[in-house]
Amino acid sequence: MARDASLPITVRQVAKRYGAVRALDDVDLDIRSGEFLTLLGPSGSGKTTLLMVLAGFTRPDQGSLKFGETEVIRLAPHKRGIGMVFQNYALFPHMSVGANIAFPLRLRRVAKADIARRVDEALALVQLAGYASRRVDELSGGQRQRVALARAIVFEPRILLMDEPLSALDKQLREHMQIELRRLHEQLGMTTVYVTHDQREALTMSDRVAVIHHGRIMQLDAPRRLYERPANRFIAQFIGESTFLPVELADGIVRYAGEAVRVTQTGLPAGRQLLMLRPERLRMLQGAAIGDGAARDNLLRGSVQRTVYQGDSYLIEVRLADGTVVSMRGVSTERALAAIPQPGEPVALAFAPEDAVLMGEDAG
Amino acid sequence: MRSDAALNAAGLRRDARAERIALFGLGLPALALVTVTMVIPVAWLFWLSFLGDDGALSLEHYRRLIEQASYARIFRATFEISAIVTAICILLGYPLAYVLSQLPRRIANLCMIGVLMPFWTSILVRTYAWLVLLQRQGLINSLGIRLGLWDEPLALVHNLTGTLIGMVHIMLPFLVLPLYGSMRAIDRDYLKAAANLGAGPTRAFWLVFFPLSLPGLSAGALIVFILCLGFYVTPALLGGGTVIMVANRIASDIEIFFNWGAASALGVVLLVLAAAILLAAARLIRLDRLFGGHAP
Numbered sequence: 007m008a009r010d011a012s013l014p015i016t017v018r019q020v021a022k023r024y025g026a027v028r029a030l031d032d033v034d035l036d037i038r039s040g041e042f043l044t045l046l047g048p049s050g051s052g053k054t055t056l057l058m059v060l061a062g063f064t065r066p067d068q069g070s071l072k073f074g075e076t077e078v079i080r081l082a083p084h085k086r087g088i089g090m091v092f093q094n095y096a097l098f099p100h101m102s103v104g105a106n107i108a109f110p111l112r113l114r115r116v117a118k119a120d121i122a123r124r125v126d127e128a129l130a131l132v133q134l135a136g137y138a139s140r141r142v143d144e145l146s147g148g149q150r151q152r153v154a155l156a157r158a159i160v161f162e163p164r165i166l167l168m169d170e171p172l173s174a175l176d177k178q179l180r181e182h183m184q185i186e187l188r189r190l191h192e193q194l195g196m197t198t199v200y201v202t203h204d205q206r207e208a209l210t211m212s213d214r215v216a217v218i219h220h221g222r223i224m225q226l227d228a229p230r231r232l233y234e235r236p237a238n239r240f241i242a243q244f245i246g247e248s249t250f251l252p253v254e255l256a257d258g259i260v261r262y263a264g265e266a267v268r269v270t271q272t273g274l275p276a277g278r279q280l281l282m283l284r285p286e287r288l289r290m291l292q293g294a295a296i297g298d299g300a301a302r303d304n305l306l307r308g309s310v311q312r313t314v315y316q317g318d319s320y321l322i323e324v325r326l327a328d329g330t331v332v333s334m335r336g337v338s339t340e341r342a343l344a345a346i347p348q349p350g351e352p353v354a355l356a357f358a359p360e361d362a363v364l365m366g367e368d369a370g
Numbered sequence: 014m015r016s017d018a019a020l021n022a023a024g025l026r027r028d029a030r031a032e033r034i035a036l037f038g039l040g041l042p043a044l045a046l047v048t049v050t051m052v053i054p055v056a057w058l059f060w061l062s063f064l065g066d067d068g069a070l071s072l073e074h075y076r077r078l079i080e081q082a083s084y085a086r087i088f089r090a091t092f093e094i095s096a097i098v099t100a101i102c103i104l105l106g107y108p109l110a111y112v113l114s115q116l117p118r119r120i121a122n123l124c125m126i127g128v129l130m131p132f133w134t135s136i137l138v139r140t141y142a143w144l145v146l147l148q149r150q151g152l153i154n155s156l157g158i159r160l161g162l163w164d165e166p167l168a169l170v171h172n173l174t175g176t177l178i179g180m181v182h183i184m185l186p187f188l189v190l191p192l193y194g195s196m197r198a199i200d201r202d203y204l205k206a207a208a209n210l211g212a213g214p215t216r217a218f219w220l221v222f223f224p225l226s227l228p229g230l231s232a233g234a235l236i237v238f239i240l241c242l243g244f245y246v247t248p249a250l251l252g253g254g255t256v257i258m259v260a261n262r263i264a265s266d267i268e269i270f271f272n273w274g275a276a277s278a279l280g281v282v283l284l285v286l287a288a289a290i291l292l293a294a295a296r297l298i299r300l301d302r303l304f305g306g307h308a309p
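Here the protein sequences come in this chain order: G and E. Going by the working numbering, the first sequence opens with residue 7, and the numbers climb by one from there. Going by the working numbering, the second sequence opens with residue 14, and the numbers climb by one from there.
Hints are computed from structural coordinates only; laboratory data are not their basis. Ideal Cβ placement from N, Cα and C applies to all residues, glycine included. A hint or two may mislead.
Here are some chain E residues pointing at chain G (derived, C-beta under 8 Å) [stated by the list, open to error]:
#  : residue
1  : Arg197
2  : Ala198
3  : Asp202
4  : Tyr203
5  : Lys205
6  : Ala206
7  : Asn209
8  : Leu210
9  : Gly213
10 : Val221
11 : Leu225
Across the chosen pairs, the derived CB separations fall in these ranges [said to hold, decoys possible]:
#  : chain 1 : residue 1 : chain 2 : residue 2 : range
12 : E       : Thr50     : G       : Lys177    : 32 to 42 Å
13 : G       : Arg325    : E       : Gly24     : 26 to 36 Å
14 : G       : Arg38     : E       : Gly194    : 39 to 49 Å
15 : E       : Leu39     : G       : Lys177    : 36 to 46 Å
16 : E       : Arg201    : G       : Pro48     : 16 to 26 Å
17 : E       : Thr215    : G       : Glu127    : 25 to 35 Å
18 : G       : Gln243    : E       : Gly24     : 50 to 60 Å
19 : G       : Gly136    : E       : Gly213    : 24 to 34 Å
20 : E       : Thr215    : G       : His182    : 35 to 45 Å
21 : G       : Asp32     : E       : Met130    : 43 to 53 Å
22 : E       : Gly194    : G       : Gly366    : 38 to 48 Å
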């Protein structure tokens, strides 16, 4: 392509209030050129408001927004030249599939022959070749999704916004489309901002994820870093499953209920902290194996409260001496399932020092 | 087990039938009313129109409709007036419905009461009110002369102008109601999508909003046009004898000439024409829908 396929986005101190509610609270965000960035948050967190500010449909109270070097915060939506896939697709019902995709090209006064060619190319790209003359209401949800995508990219925008585009699809199709969208992004290379409340989707698709809560970006990191080192309790709970144990940090030693816990994390302030454990990072030990495990790993002793079979995995809830319930998850193998203990049986949960994550108590 | 299942099948069928009968029962009073007040009189009208002056079966009334040029003139005038009223209603009603559809729902509902207010008064009263406003010494003329907008009293009533003003006033809500409904149903994301794809407000309106509002517009225009065809009171009072629509001619045929046959023939022709227009329009609208031209 002659020109750059993508543009960086710079967000500075963007604020938007609705009455007393701060939908966006002085948001700063740098989106790299060509990256796939996801805005992840619960409903009402401000993620959609931020996307609407990028698209130009919501006018913020203050702030700066740059696409590349150009300030666009006061630019009308139709002059921003960015593609967008809407949550409900917003395909024009009075136009055929082809006319929908040709719409942005017609507005840009592209020659008729070129329009036809580019519509066909866009349809081929989303694997709907030959669908140009179909009516929108003849399409399935997944097909509409693809047409909306084709319409958003046919005019080669350098920025693409997506507002929960997969939320209306069933699970299987959604997972298929996640991979598809990722493939298209790699092929086209445009800067992509994706909004979702589905943490798994965010982890699967993104180069980086910005977790938004109460109108603020709480953490901006690559998926793995976000999952392994969440900045606070809210993020740890929002992304994946987690259990928290209150611990004391004094003289460089972490203690839970009086017993030392080995950790690899350093540089934390002394005092009360939270120890975060992921269920799949725990191993369950029974009987004589408990003594062997203590050599390398930390151990939490307790008794089985409940076991849940979930198909590909199983979950065991263990009640510790102080009443805290810790969950562990294991992969369902015939041997593991046969070894699942009865409720009430004494067991120990083992975890490696590097899988223990400490975080401040108050944040969230 | 098997016999139990068979037993239930019969019972379930009975339940389904009982439900259908109950539903039909709910519709029965209305059906009876329509039969007594609509079907029987129209059938009687039909019968009368085919009876000659001597009481024998004859087509003489229909022959007269074709032979006398004055009838053709009246039909043409009726259709012309109805078309003009419909056009003015569209020009006035479309922007009004658009503004209402863009207002917050609560405020729009309040404004809607204003639109519907005229329905609370009879057509006769409203028509007389226009007479008071529009006549030579009426409110509008005296105000206009006092403000120096015009010198001589304008001929606002007892002519086509007065008839059109009165009819538009009465018909406007019939256009605005369905149009407003269909505009409300247009998802605002369509307009956002149009803007995002590069359409300024004007082009977004003409390329997306207007086509999606067409079903409501055509429904409203059709209602207005069909209702206009049968207007009697307004042209009679505000037309000053110069505006004669089919309904006025029917009245004079009966009141002055006591010619029930001729009046019936006029009524039948008007009914058939109105039905034909409705059918044609319904087919057009359905075709339109076939091509995807409907709001969701």
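Results of checking the hints against the structure:
1. Arg197: Violated, about 15 Å.
2. Ala198: violated (11 Å)
3. Asp202: holds (4 Å)
4. Tyr203: Result: holds, 6 Å to nearest chain G Cβ.
5. Lys205: holds (6 Å)
6. Ala206: holds (4 Å)
7. Asn209: Interface hint status for Asn209/E: holds (5 Å vs cutoff 8 Å).
8. Leu210: holds (4 Å)
9. Gly213: holds (5 Å)
10. Val221: holds (6 Å)
11. Leu225: holds (6 Å)
12. Thr50/E / Lys177/G: 32 to 42 Å: The hinted range 32 to 42 Å is violated for Thr50/E and Lys177/G, with Cβ atoms some 58 Å apart.
13. Arg325/G / Gly24/E: 26 to 36 Å: violated (53 Å)
14. Arg38/G / Gly194/E: 39 to 49 Å: With Cβ atoms ~47 Å apart, the hint holds.
15. Leu39/E / Lys177/G: 36 to 46 Å: 43 Å Cβ-Cβ, so the 36 to 46 Å window holds.
16. Arg201/E / Pro48/G: 16 to 26 Å: Holds - the Cβ-Cβ distance for Arg201/E and Pro48/G, about 24 Å, lies within 16 to 26 Å.
17. Thr215/E / Glu127/G: 25 to 35 Å: holds (30 Å)
18. Gln243/G / Gly24/E: 50 to 60 Å: At 54 Å between Cβs, range holds.
19. Gly136/G / Gly213/E: 24 to 34 Å: Hint holds: Cβ distance 33 Å, inside 24 to 34 Å.
20. Thr215/E / His182/G: 35 to 45 Å: holds (40 Å)
21. Asp32/G / Met130/E: 43 to 53 Å: Holds - the Cβ-Cβ distance for Asp32/G and Met130/E, about 49 Å, lies within 43 to 53 Å.
22. Gly194/E / Gly366/G: 38 to 48 Å: violated (55 Å)
Hint check: violations occur at hints 1, 2, 12, 13 and 22; the rest are consistent with the structure.
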